[in-house]
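One line per chain: the protein sequences are B and A, in this order.
Residue numbering for the first sequence follows my numbering, starting at 3 and increasing by one per position.
Residue numbering for the second sequence follows my numbering, starting at 1109 and increasing by one per position.
Don't read these hints as lab results, they were simulated from the structure.
One should not assume that every hint holds.
[Unchecked claim] Stretch by stretch, here's where chain B covers chain A in the computed footprint (C-beta under 8 Å, at least three residues):
#	segment
1	1133 to 1141
2	1155 to 1164
[Said to hold, decoys possible] Computed list of chain B residues with no C-beta within reach of chain A, every gap over 10 Å:
#	residue
3	Ala4
4	Ser8
5	Asp54
6	Glu126
7	Ile140
8	Gly170
9	Ser191
10	Lys192
11	Asp200
12	Pro228
13	His229
14	Ile231
15	Glu318
16	Arg382
[To be verified] Straight-line Cα separation of at most 20 Å, EDC-like style, residue types lysine to aspartate or glutamate; simulated pairs:
#	chain 1	residue 1	chain 2	residue 2
17	A	Lys1129	B	Glu130
18	B	Lys357	B	Glu378
19	A	Lys1116	B	Glu126
20	A	Lys1131	A	Asp1151
21	B	Lys377	B	Glu67
22	A	Lys1116	B	Glu67
23	B	Lys259	B	Glu305
24	B	Lys64	B	Glu379
25	B	Lys352	B	Asp374
26	A	Lys1116	B	Asp122
27	B	Lys25	B	Glu5
28	B	Lys221	B	Asp211
29	B	Lys6	B	Asp27
30	B	Lys299	B	Glu276
31	A	Lys1116	B	Glu276
32	B	Lys306	B	Glu349
33	A	Lys1116	B	Asp27
34	B	Lys158	A	Asp1151
35	B	Lys221	B	Glu67
36	B	Lys357	B	Glu119
37	B	Lys68	B	Glu379
Beta carbons: idealized from backbone N, C-alpha and C, even for Gly.
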Amino acid sequence: MAEKTSLFEERKKRYQAAMNLEKPDRVPIRLNFSGEFITKVAGYTFQETYYDWQKNNDATRKMLEKISDLEMVIGGANLWWAALHDAVGAKYLRFAGRDLDAETMFQYVEEPYMLPEDYDDFIENPTEWIATTYLPRIHTELAEPGSYRATAGLIKGAFGLAQQLGSGAEAMASYQRDFGVVPTITGISKAPFDTLADTLRGLSGIMLDLYQRPEKVKKALEVLVPHNIFYGMATAQGDTDFPVFMPLHRGAYPFMKMEQWVEFYWPSLKQVVEGLWSNGKRTMFYAENIWTPYLEKIAELPEKSIIFHVDQTDMEKAHQVLGGRFCLSGNVPNSLLAFGKPEEVKEYVKRLLDKYARDGGFILDAGAVILDDAKEENIRALIEAGLEYGVY
Amino acid sequence: MSKELTFKNLPPAVCVPWEVKAKELGEIKGDAALIKKEWENLDLMGYLYIWNWVQR
């Protein structure tokens, strides 16, 4: 127990030093695994961990037993408990074992669930609009508010979420106690544009809105800013030791023209990051895909307020523009982890660390979330190379 | 507008403002601050539950 506590402290110190642009004893290794990868390593089917939340939490434990040098985890394997979504009748998710075969990754069914005519209500009171219009629209069980089915569905949804979060917190505490792993993140938030464009208007809806109702989009983004700051802090339960996770979606190049990105995507995202930072909360700026054209704008954020995560952004340019201002993380290609050989992974890691980690402020990670196509031997090779070549 | 909204411009963490509830309760005979604190705590839980379906 004492040994694991000391390991936890050592890893936390290393992680925090890197985030603060210092040189720890070696480069921290942070791997952002999908639930499906963890499930595969644990030997469960996708259906088992999507539906059985005990198995979902056990899967991470099994992975930590098998890959003993892992120093950080997010929590149990999956983000979403399928049974909870059945309880409310989620139209937007397809799960293994129900609509999909037992070994197929979940699918999100994207639609413009928020309609153009909903903007005014959303702007006036988003919390009420979500509760009274959006939730019944996207959940079959809640479709007739006030009915027995809808009332039971709401109650089951709330109990289910409380159960999921409670067991997740217990599981995370047990990983920390038994393996000395530190949490990769505490809390989650989003760029306001992504909140609007992911689950509400969808990509097709928001792209039309940029031309047909740009002022409403801007007003909705403005309304979202304080909610997204608050949501990040509240889901982190006020913790400021670890970063809040911010998966960035529609801001990746080339979804938008540069002028649209500057006009619509960036201002509210900047406000959220700055708002979190004013509360002492750093953002894991998880820049999936390509963000190279936007690096100069991102450099406007307060020093150390983000960890800029590099997926397919030009690492050389990211290092030039953002290095020394923000901690960088990344960027072992997921394609290499899926289709490469262990020696190729090691070679890539060595090159990456030699070139970009020399001055500290660097965290080794894959480019994007590690899916179940990654080979376990390549993950081991990545870790081995990090331990060998990441020492300062 | 799809339907009449009950409230306008509610801040984060709030589903039903304490001020509204306090008026409905009328005179509070005991510790009003305690009742307010617990009201707001559960109101926050409701708020996070509602937003959980969107912030994903």
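Verification of the hints:
no.: 1; hint: 1133 to 1141; result: violated (count 0)
no.: 2; hint: 1155 to 1164; result: holds (count 10)
no.: 3; hint: Ala4; result: holds (36 Å)
no.: 4; hint: Ser8; result: holds (34 Å)
no.: 5; hint: Asp54; result: holds (21 Å)
no.: 6; hint: Glu126; result: violated (5 Å)
no.: 7; hint: Ile140; result: violated (7 Å)
no.: 8; hint: Gly170; result: holds (13 Å)
no.: 9; hint: Ser191; result: violated (7 Å)
no.: 10; hint: Lys192; result: violated (6 Å)
no.: 11; hint: Asp200; result: violated (7 Å)
no.: 12; hint: Pro228; result: violated (5 Å)
no.: 13; hint: His229; result: violated (5 Å)
no.: 14; hint: Ile231; result: violated (8 Å)
no.: 15; hint: Glu318; result: holds (33 Å)
no.: 16; hint: Arg382; result: holds (31 Å)
no.: 17; hint: A:Lys1129 - B:Glu130; result: holds (16 Å)
no.: 18; hint: B:Lys357 - B:Glu378; result: violated (26 Å)
no.: 19; hint: A:Lys1116 - B:Glu126; result: holds (5 Å)
no.: 20; hint: A:Lys1131 - A:Asp1151; result: holds (16 Å)
no.: 21; hint: B:Lys377 - B:Glu67; result: holds (17 Å)
no.: 22; hint: A:Lys1116 - B:Glu67; result: violated (51 Å)
no.: 23; hint: B:Lys259 - B:Glu305; result: violated (27 Å)
no.: 24; hint: B:Lys64 - B:Glu379; result: holds (16 Å)
no.: 25; hint: B:Lys352 - B:Asp374; result: violated (24 Å)
no.: 26; hint: A:Lys1116 - B:Asp122; result: holds (11 Å)
no.: 27; hint: B:Lys25 - B:Glu5; result: violated (24 Å)
no.: 28; hint: B:Lys221 - B:Asp211; result: holds (12 Å)
no.: 29; hint: B:Lys6 - B:Asp27; result: holds (18 Å)
no.: 30; hint: B:Lys299 - B:Glu276; result: holds (14 Å)
no.: 31; hint: A:Lys1116 - B:Glu276; result: violated (26 Å)
no.: 32; hint: B:Lys306 - B:Glu349; result: violated (29 Å)
no.: 33; hint: A:Lys1116 - B:Asp27; result: violated (52 Å)
no.: 34; hint: B:Lys158 - A:Asp1151; result: holds (18 Å)
no.: 35; hint: B:Lys221 - B:Glu67; result: violated (49 Å)
no.: 36; hint: B:Lys357 - B:Glu119; result: violated (51 Å)
no.: 37; hint: B:Lys68 - B:Glu379; result: holds (12 Å)
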